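**Q** Next come the chains, spelled out residue by residue.
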Amino acid sequence: MMASGEESNISSYYLDEKAFHLCCKLFLQHSGVIRDGWSWAEVKGGEEGYIKKTAIMPGRFCSLLNHNADDKMSALTQADELDDEAAAACTVCESQVLMHYEYHVLYSFSHQVPILYFRASTLDGQPLSLDEVWINIHPNYRQRLLQGPWDTLTQQEHPLLGQPFFMLHPCHTEELMRPLIIMADAKKRWSTEVSMQLKNPIIKLKNKTDLSERQQKLQEWPIQQFGTFLRKEECTAELSNTKRPGRPQKTTKVDDHRILSWLKKNPFTTSKQVKNTLEEESELHCHMAECGRACGGIGCAT
Amino acid sequence: MADDKDVLRDVWFGRIPACFMLYPDEVTEREAEPFYLLLPRISYLTLVTDKVKKHFLKVLKAEDVEEMWFEYEGTPLKWHYPIGVLFDLHASNTALPWSITVHFKHFPDRDLLRCSSSVVIEAHFMSTVKEADAFKHKSQVINDMQKKDHKQLWMGLQNDKFDQFWAINRKLMEYPTEEGGFRYIPFRIYQTLSDRPFIQKPFRPVSSEGHAHTLGDLLKEMCPAAVCQDDDPKKYQVVIHGIEPLFETPIQWLSEHLSYPDNFLHICIIPAPND
Chain A
1 MMASGEESNI SSYYLDEKAF HLCCKLFLQH SGVIRDGWSW AEVKGGEEGY
51 IKKTAIMPGR FCSLLNHNAD DKMSALTQAD ELDDEAAAAC TVCESQVLMH
101 YEYHVLYSFS HQVPILYFRA STLDGQPLSL DEVWINIHPN YRQRLLQGPW
151 DTLTQQEHPL LGQPFFMLHP CHTEELMRPL IIMADAKKRW STEVSMQLKN
201 PIIKLKNKTD LSERQQKLQE WPIQQFGTFL RKEECTAELS NTKRPGRPQK
251 TTKVDDHRIL SWLKKNPFTT SKQVKNTLEE ESELHCHMAE CGRACGGIGC
301 AT
Chain B
1 MADDKDVLRD VWFGRIPACF MLYPDEVTER EAEPFYLLLP RISYLTLVTD
51 KVKKHFLKVL KAEDVEEMWF EYEGTPLKWH YPIGVLFDLH ASNTALPWSI
101 TVHFKHFPDR DLLRCSSSVV IEAHFMSTVK EADAFKHKSQ VINDMQKKDH
151 KQLWMGLQND KFDQFWAINR KLMEYPTEEG GFRYIPFRIY QTLSDRPFIQ
201 KPFRPVSSEG HAHTLGDLLK EMCPAAVCQD DDPKKYQVVI HGIEPLFETP
251 IQWLSEHLSY PDNFLHICII PAPND
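In the order they appear, the protein sequences are chains A and B. Here this note's numbering is used: the first residue of the first sequence is 1, the next is one more, and so on. Here this note's numbering is used: the first residue of the second sequence is 1, the next is one more, and so on.
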């Protein structure tokens with residue numbers, strides 16, 4: 001039963017173009033309600049388009065003070081226990097300046113998923129290099145992403161504008177989304193929203209200080225249950241993580257805490273890994289309960 | 001009749017004579033001589049121009065040198081397109097050698113991707129091959145390959161080794177006989193007079209009635225302006241690897257034989273010359 005459930009969820013991770021447009025529409029409606037600034041951009045003389053958002057926020061811009069960007073990149077790519085050292089090196093040379101970020105979500109016909117493109121520049125229009133973008137990525141994510149720097153984040157031509165943008169590679173979208181899609185129960189609106197929530201810290205889509213109360217709540221709650229929260233919000237118009245009366249809880253508080261800490265350590269943790277680890281750690285629970293945990297309670301409630 | 005395999009060799013060994021000239025505003029210590037080179041059509045500018053760089057560095061002061069980039073008649077050349085595409089798109093029907101201007105300053109960040117080393121080219125090449133296989137086989141073939149096979153594709157291209165490359169690439173060209181072709185044909189259609197860089201959409205090699213789609217069918221669907229009516233004068237040329245294939249050519253055959261090493265069929269639509 002578990003297997004077949006997972007199958008259908010995996011297939012729902014791919015979208016055709018129509019579904020993408022529909023999702024964008026829903027996403028924009030929702031964005032309008034919470035006023036977080038996404039809009040639709042059309043390409044001249046065609047039906048194709050994308051959703052976009054621009055934001056200004058402080059970031060690190062190194063080349064103003066330090067021209068050895070190459071050295072920094074090689075220091076970063078050498079990876080293993082880079083964090084403290086690299087962070088220290090950065091604080092010496094970096095300058096905190098306001099930056100202009102531009103995010104586009106486009107449909108990829110080849111990979112059949114939405115792809116995130118973004119670019120960043122200083123307010124006087126000087127574009128950030130790939131090295132500088134890496135430096136602006138939170139160290140927790142940087143380490144994971146640097147295990148394969150060239151198939152994670154690279155500069156690419158924007159397929160509709162023909163200009164250089166940075167692209168988060170689609171091969172990681174599935175890894176990133178699978179556990180969430182399973183949670184979100186194939187409701188695509190949620191997956192897009194949750195996807196953005198998850199990618200935020202990676203590419204600084206949202207600055208912590210400008211988080212609305214709603215997003216702050218979401219950040220504090222277990223990612224594994226986003227889908228549930230968001231669906232509930234649609235029914236009750238209220239975002240809350242209080243328990244529904246009468247429904248058995250499938251994961252304990254301790255489990256939630258553990259799942260969240262794994263995800264924090266490694267955002268690419270899959271539901272399978274979550275399931276296996278939980279199984280290994282607590283053999284006391286019966287099979288049904290494990291199944292419930294693995295898919296976050298969704299689909300196993302009845 | 002020549003074997004179809006010969007086509008692969010002809011495509012692989014296609015060359016364009018080029019003359020590289022330093023941008024006149026670059027400050028030099030003495031006059032910079034032009035540099036002549038035969039460019040492989042299937043390769044990338046930044047992959048085959050180490051010698052060009054070395055040549056011009058001899059006359060430049062080290063402090064005046066930033067990332068090298070190329071331009072043809074005012075258009076910055078995108079290194080991430082194969083050389084053959086750049087030539088067909090911007091310089092078809094012009095005199096050879098193709099004269100390319102070399103810059104070492106004022107990198108056009110709004111137009112060109114940065115290319116700091118061949119690692120960047122490799123990453124770009126591999127990600128394009130993967131994208132092509134997503135169209136052809138839902139990525140199954142490329143994902144079933146080992147890392148060393150990926151490396152062999154890249155090394156084959158980098159070192160211009162036809163056999164080394166095709167030993168692996170043939171797997172990417174396979175398809176179930178009963179289906180008559182790939183799932184979708186990975187193609188890109190470029191037009192000089194268009195804002196968007198290229199058209200890329202799913203297109204099946206075989207129609208729902210079971211007959212083979214042709215180049216003409218593809219163009220009619222994606223870019224009808226390129227297919228002129230019988231009695232109209234020809235407005236556009238449809239060019240792949242410097243030639244104009246017949247519109248009746250099956251698109252599956254073109255995909256297997258005239259694709260670039262990145263596994264995409266790059267098609268250039270350019271204005272027909274007025275004779």
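The set of hints was computed from the structure by calculation and includes no laboratory data. Given the structure is predicted, the values throughout are model-derived calculations rather than measurements. Misleading hints may appear alongside valid ones.
What the hints assert, rightly or not - For lysine-lysine, the following DSSO-like pairs were computed, each having C-alpha atoms within a straight-line distance of at most 30 Å: (1) K44/A - K147/B; (2) K25/A - K235/B; (3) K138/B - K52/A; (4) K18/A - K201/B.
**Q** Sort out whether K147/B lies within 30 Å of K44/A, counting only the CA atoms.
**A** violated, 41 Å
**Q** Within 30 Å, alpha carbon to alpha carbon, are K25/A and K235/B?
**A** Measuring from Cα to Cα gives roughly 39 Å; hence the hint is violated.
**Q** Hinted pair, alpha-carbon criterion (30 Å max): K138/B, K52/A. Please report holds or violated.
**A** holds, 28 Å
**Q** Are K18/A and K201/B close enough, with their CA atoms no more than 30 Å apart?
**A** Given pair K18/A, K201/B holds - Cα atoms ~13 Å apart, limit 30 Å.
Violation of the numbered hints given earlier is confined to hints 1, 2; the remaining hints are satisfied by the structure.
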